[in-house]
Each structure stands twice: as C-alpha cells, then as structure tokens.
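Number of protein chains: 2
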Amino acid sequence: MGAHSQSDVVVVGAGLAGLMAARVLRRAGRSVQVVEARDRVGGRTFTRPFAGDVVDVGGTWVGPTQTRVLALAQELGIATDPQRAEGKSLMQVGERMRAYRGTIPALNVIALIELQRAIGRIDRMARQVPAHSPQSAPRARAWDSLTVGAYVDAEVRTRGARDTIAGAVRAIFSSEPREVSLLYFLWYVRCAGGIMPLCEVEGGAQERRLRGGAQQLSERLAEGLDERLALGRPVRAISQDDAGVRVHTEAGTFEGRRLIVAVPPHLCARIDWQPAMPAVRDQLCQRMPIGASIKVITAYQRPFWRDAGYSGEAVCNRGPVSLVFDVGRAEGGPGLLMSFMLGDAARAMTDRGPAAREAAVVRALEGLFGPPAGAPEAVIEHDWMADPWARGCSVGIGTAGALTTCGDAVRAPVGRIHFAGTETATRWAGFMDGALESGERAAQEVLDAL
Amino acid sequence: MGAHSQSDVVVVGAGLAGLMAARVLRRAGRSVQVVEARDRVGGRTFTRPFAGDVVDVGGTWVGPTQTRVLALAQELGIATDPQRAEGKSLMQVGERMRAYRGTIPALNVIALIELQRAIGRIDRMARQVPAHSPQSAPRARAWDSLTVGAYVDAEVRTRGARDTIAGAVRAIFSSEPREVSLLYFLWYVRCAGGIMPLCEVEGGAQERRLRGGAQQLSERLAEGLDERLALGRPVRAISQDDAGVRVHTEAGTFEGRRLIVAVPPHLCARIDWQPAMPAVRDQLCQRMPIGASIKVITAYQRPFWRDAGYSGEAVCNRGPVSLVFDVGRAEGGPGLLMSFMLGDAARAMTDRGPAAREAAVVRALEGLFGPPAGAPEAVIEHDWMADPWARGCSVGIGTAGALTTCGDAVRAPVGRIHFAGTETATRWAGFMDGALESGERAAQEVLDAL
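Protein chains in written order, with the working numbering: chain A, 1 to 450; chain B, 1001 to 1450.
Note that these hints are calculated values from the structure, not bench results.
These figures come from a predicted structure and were not determined experimentally.
Note that beta-carbon positions come from the ideal geometry of N, C-alpha and C, so glycine has one too.
Be careful, since some hints might not be right.
Unchecked claim - Across the chosen pairs, the derived CB separations fall in these ranges:
no., chain 1, residue 1, chain 2, residue 2, range
1, A, G224, B, P1354, 29 to 35 Å
2, B, Y1100, A, D408, 48 to 54 Å
3, B, D1241, A, W389, 19 to 25 Å
Unchecked claim - Computed far set for chain B versus chain A, every beta-carbon distance over 12 Å:
no., residue
4, R1098
5, G1102
6, A1131
7, S1136
8, R1220
9, D1242
10, R1257
11, G1343
12, E1358
13, G1396
14, Q1444
Stated by the list, open to error - Partial pick of chain B residues on the chain A-facing surface, computed with a CB cut under 7 Å:
no., residue
15, S1145
16, G1149
17, A1150
18, A1276
19, V1280
20, P1289
21, T1350
22, A1386
23, P1388
24, A1400
25, G1401
Turn these sequences into a full structure, and let the hints steer you where they fit.
What follows is the structure in structure tokens.
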C-alpha cells in the first residue's frame, strides 16, 4: 500500500506522551502524524461510562507535585476532586486484618519503628540515584544486583513492616517485590520525590482524581488533530534511512523526517525495525517487562462502608484483591469501590474470565466491608494483561541488572528515532505527569534536530 | 498471498529443537513444514569456513553426559575431537592475572576453600530444584528474589572466589551475575547435573567439539526436508482456531493442524499471535531476555602458546575479552584462539564495528599470551546481538522473579501450539542436548494430540 501521509514528524502511540509531543511540535509549526494501534486515544488511561457517571479503569490519580499534569488539567478546564481518605483503612498483616488511619498501618511498635526506619533509609538511598541516569549512582551495581524483595528480606525483620512495603511495591508497580530491581525502585522513588509522595493520598500521588476521567486529557490533546490522528493502526514495522522514517501499518505507510516512539519498552521490542535497533537498545527492551494488573470497580447504592467508619481503602498481601479504594464522590452519589488485582494475584486470575474474577472480588470485598459489599449493583472490569496493546500495566519495570547493563539506551535517540513514554521520564516516571514530561522532552529533541 | 502448504504440523524455527521435532514427527508418518527466518538452518549453531578449516561461531562443545547430542552425532557419523586442556590456564583476579591448571584457578588457600564450599552449597541447593518445575522448589521464592550476583556478594567474601564464580556465570549465560535469578541458575545447574559438569572441560560441557562443526547436526537433520523446509521466511503472525493453525510470512502462509514454536522466549514475544497469547505466557516472554555474546576467532600459523606451557584458556572479569579457548587441533594445524566477549563486555563493543572489536581482542590476547598473539593471520567474528533472529546469545535467562511468577507457562501448550527450544528442556537446558530433548518432547505432545 502506498504512503498515507507525509509529515515532519510521525508519533507512534496516542497516549499522553505521544499526544503531548504532537502538541509541542504543532505549536512549533511542525506537521505531525500520530499513529495509534487502539481505536481510542489515552493509552494506559481509559475512562468508561459506569453507574451513571464515568470511572477510570486505567491511570486515575494525580498528586500535588505533579505540576505538568495539574497545569494541563487546569488549562483544559478539567477539575479535580479530592480522593476521600477519612476513616479506618484495612491492611492484611500475615493472617490478620488490621484497621488504621492515615498512610502508615497500625503495626506493633517494633514494626512501626522498623518501617519508619526503612522508609528513611530508602529515601536516603534514593537521593543518591540521579534521575537522569540511575546507572551512575555510586552504588548502582550493588543495588541493581538486588531486587526489592531481596532487600526487604535482608533488611526488614518484622512481618508487619515487610508486608507493608510489599503492599506498597505491589501498588506502585503492579509487580511482586522480587520482580523489581532495587535500583529501579530507588530511581522511581527519586523521580517521585520520596516514598511518601508515592504512597500517600493527602500530599501524595493519590490525592486527587480528574473529574470526568483521566482519559479526557488525551481526548482534549487530540482535538484538532483530525486526520493527523490515525486510530486502529497497529504499527508492524518502522524503517529509517538518510531521507527519513517510514511507519508501516496494514492500512498504509506514514512518512516523516523524524519519529517519536511513545510506547513502553516491552512493546517497542515487538516492532520490526529496519535497520534493526542497536543491540543495547534491544537488550534493554528485553529487560523491561510490564506489571500485571486487573481493575474491578463495583457500584453500590451508597457508600455503606463510610457509615461504619471505613475509608474503603484496603491493602491485602494475598489475592484475589491486592488494593481497594473508595472512588465515589465525597458527598452523595453511589458507592464505588475500585479493586486492584496486582502481580501474582492478577496473573492467577487473568485466564479465569470476567465472571469468575468479579465473583472473587465481590467475595473478597464482603470479607473486608461486610455482607452489603457482596451485592453490588453494577461491576466493570479491565484486564490490562489481556489488552493486546498493553500486555500488562501499570508501568514497565527494570528487572535486576537492566539499568546497569542497558540503562544508557533508555532515552538515547537512534538516528531519526526518539523515545518518549512515562518510563523515560525523570520526574514522576510511571505516572501521567512523567508521560507528559517525556513527550515534551522528545518533542524538543526533534525540534532541535529538524 | 494464498496458502503455501498444508501439513499436519508446522514447525517455526530450524534450529536443533525444531529440526529434531520435525524428524520425530516425520518418522511417525506425519507431514511437517519447517519455517525459518534465516537463510540457513542451525539457529544458535553456525559453522563458518575459516583458516583452511571450519570454525563454530555459535554453539561449539558437547560433554559426556549430553547423551542425546552424542547419540545423534554418532548416528550421523559426525566425529568428535577432544578439547585440548593441557597446560596453564589464566584467570584475572582483581588486577592480577594468575596461571593455574585444571578447572579450579590457583587462588590463595582461603579463597580456594571458600570457592569449593560455595560450589558444594550451590550443588546442594540445585538438587532441591525440580528440573520440570523450578518454581516448585521449597525455597523457590526466596531464591528467585535473589540474583546470582546478590547471592555471591552476600555469601562469598574472598575476591578470588567471587571473581571465579562471576567468570563462570558469564561463561554459562553470556550475562552478568546480577542479571540472572539465583533460582534460574540453580535450575540450570540441576539440568546439567552440577556446577562442575557445566564448567569443566574434561568430564564437562566443554569436553569435545564436533569435527566439521556443530551446524552439521542441523544440516544433516534437515536433509530430505527439501521443500518442506522454507528458509528466509520470517514469521510475522500466527493464528489458530478450531480448524488449525496458520503461520503468516511475507512470502505466503503455512497451514497445519498443530504448531511447534522452536524459538527462544524473547523472540516468541515478537510474533503477532491471533488470538493473543495467554497473559502469563506473554509476561513470561517479557521476563526471559537473552544474554550478550560476541565471538572472535583468531588464527595463527601455529599454537605458539602451547610451547610456553599455556592451555590457551583464559577467564577475564573485565573486557574486552571475557573468555578464551584454544580450538585448534590437538596436533598440527594452525593455532586457533576462540575469544568471547560476554555480558557487559559484549554490550560495550557491539556498536563499535568489527574492525575495532578485532583490534581490541588482539590487544587483549597479546596481553595474555605475548606479542605473537598480536599478529593473527586471520580473524573471524560473529556478534549475536546484531543478528536480527537472535538479538543475543547464548541462552534465554530467567530474570529475578520470572520463574516464580510465570514459570508454569514455560512449556504449557496453548491450544494447538506447543513450545520447544533449549530453554524449555529439563536436561542440559541451554545446550544443544537440551534443544534436542525439547524437540522430542514437543513432537511427542503433538503426536499424542493429533
């Protein structure tokens, strides 16, 4: 099939990173073609109608230091609502379920002291990790030899502190602690400004939700692209030579002078590159898998758990449910519980089908919040592993050894090809905010080169 | 393009695994179509003309307990020659180069005792790892949380013992110790029958070479396939439904009732599967990258190092050369040194081009074996990372967490699709012998199902 379009820049991926790159380039007067495999924009943000409103089955929250995404929301007139955090939260420690208030669970004094010390130590280590080049940290090799799981096994003795950290790692990466390089974790903490900003509701990454859903950001960024946005076009092959780049899909070829690839590393590896990607870039993409995440949202006539003094937040270290949040309105409206299956819990449930998953979640919620949780009025779910253009969520992780063997390739351009995506960010990597940063940075690289 | 062929079974990959599967199936009276991306058979074995003879730029050695590959060689009339091991070998420990005889380097007494203890401990741990299901080992999660690098850092104190183990891991996996899960390493040791069988020349995996080269095994297995072997056909997509499987290439489609995929996991992920692979299988392929390996063989008029009492074997813990073997004939013929760049050393050199690599290797050999090593009469090299149908060598590795999160998917069939390849073996996984086992096993699965 012949060429579909000719532009200054082709952008592959219409998530926040790709769409922000397109906006920067268009504002600088460059012509841009965005090519997206899905029939929608938004990537790992995905807002769906549910229970008379909408709900985010993908990226959901924004935090107060995520200045890029907050500024964009403000500019686009998208309001934010606070994540409700009042009441008792629940955390499974060993066999027991404990109730607590705030971010730090009610552990015994020894576990609590140990947890606070571990957080302090991790924050101090994270400050030694350069956000632009974690592989340059003084102790990079030693830390990249370890997984978070091994570090916690060796350094944290109390069950309560260990379970708390494991629950946090699972929530952050949708991965088991033993899958994630300690160096990668420290880098991620560094990019977020600390562990507490990552984990907290108030003051942290879960502070507010975008009213009307997170996918709106992408939808609004995409406005005006019109035929410059090609949806439903999986990119099979990308070639470059002295003249430019060509992006091949089953429905035509898109040509440009430069290319921005705004898809996560594990999917970059599945594109047929001509010429082949440099070896270290290819090896990097082999070493950055994505986490395992299934979201199930249940709706109730009202948020009955609030009456009993529960926040709706729960962290469980065994499946099927790993994490729960109350995502209903602060006042009025139906009760909404957002349940995450994460890591092993998600992998155990992915092949069982939506009905079995929903039943398992509802049973688990009943155990947490009592019989009324067993009878939701509506249920919606999204298995990100089954999504052919994600094959997991929420974020690409560095396996042990990945950054110190191949980290230089994370955002190094290859000829006319530039890399965006939240995994390439240096502030709030892994979040919507990081995606926007990466799009701006990649666009600037292209503008400098054109 | 229309269907190219219709067979009982389509086999993707004409390495030893795929070709052995094809042989078993044909002998059972089934029609088979083998589809291969490269313009040659042999996969990660590749024999090239060099210095008036041939040399293996891929898999090279066979050992005495590798009964499948030895039986096949014997049946095909391919002789084996002993790997020469006489003389002093060299090993870099810290800044120093030490000479020693046999497999265990000349370390100080404390390091030697520690090394022997570490080997004993690893062998004992490996015996607790089931070859068919390493994720079922009693301590699987703890071991999969650790990398080999972290284990050695924590358990081995002397520099000499640590460097020796690191050199062995690099030689075995073409990877840095911090890239490889301890559980995966233990499983690999289990499949080989112990550390010493993996590392030794006499009695071990490096005992003999195939006269005329290892690729012959595949060439001979492929004889008689004729048009049932399609070379130069990269597989882009594979679909299956109730009726059968279809393998799509740019030059036609191959249909069958069953399919055997005999390519390593990281490349499996790059095929467009319809329907998509089950989530856990996909996540497994994301978590099993392949090592980094470049081989450079230098030829000299005669093996001058032997005159000075050197075996030609050397292990260096920093680049550019990681490992050297004398692969000349025991008596007569030119001197041949086979140098491996492995792991970080390989990644550091991959983008520098063959001339720079050869110069670096020759300088390093000069440092090891004196000035005559600086003037080879001929040089040949192969960068497996640059090979588009390998993107690394020698073997797919389990990253930390991979086996205990996704290990059940290693050889579980998916509908009509069965998995072969040396990474799926249970004896001598990672070797030619394991490839043959995997091909036999996958073929038997198919015969049972047809």
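Where does the structure disagree with the numbered hints, that is, which hint numbers, in rising order? Result: hints 1, 2, 11, 13 break, sorted rising.
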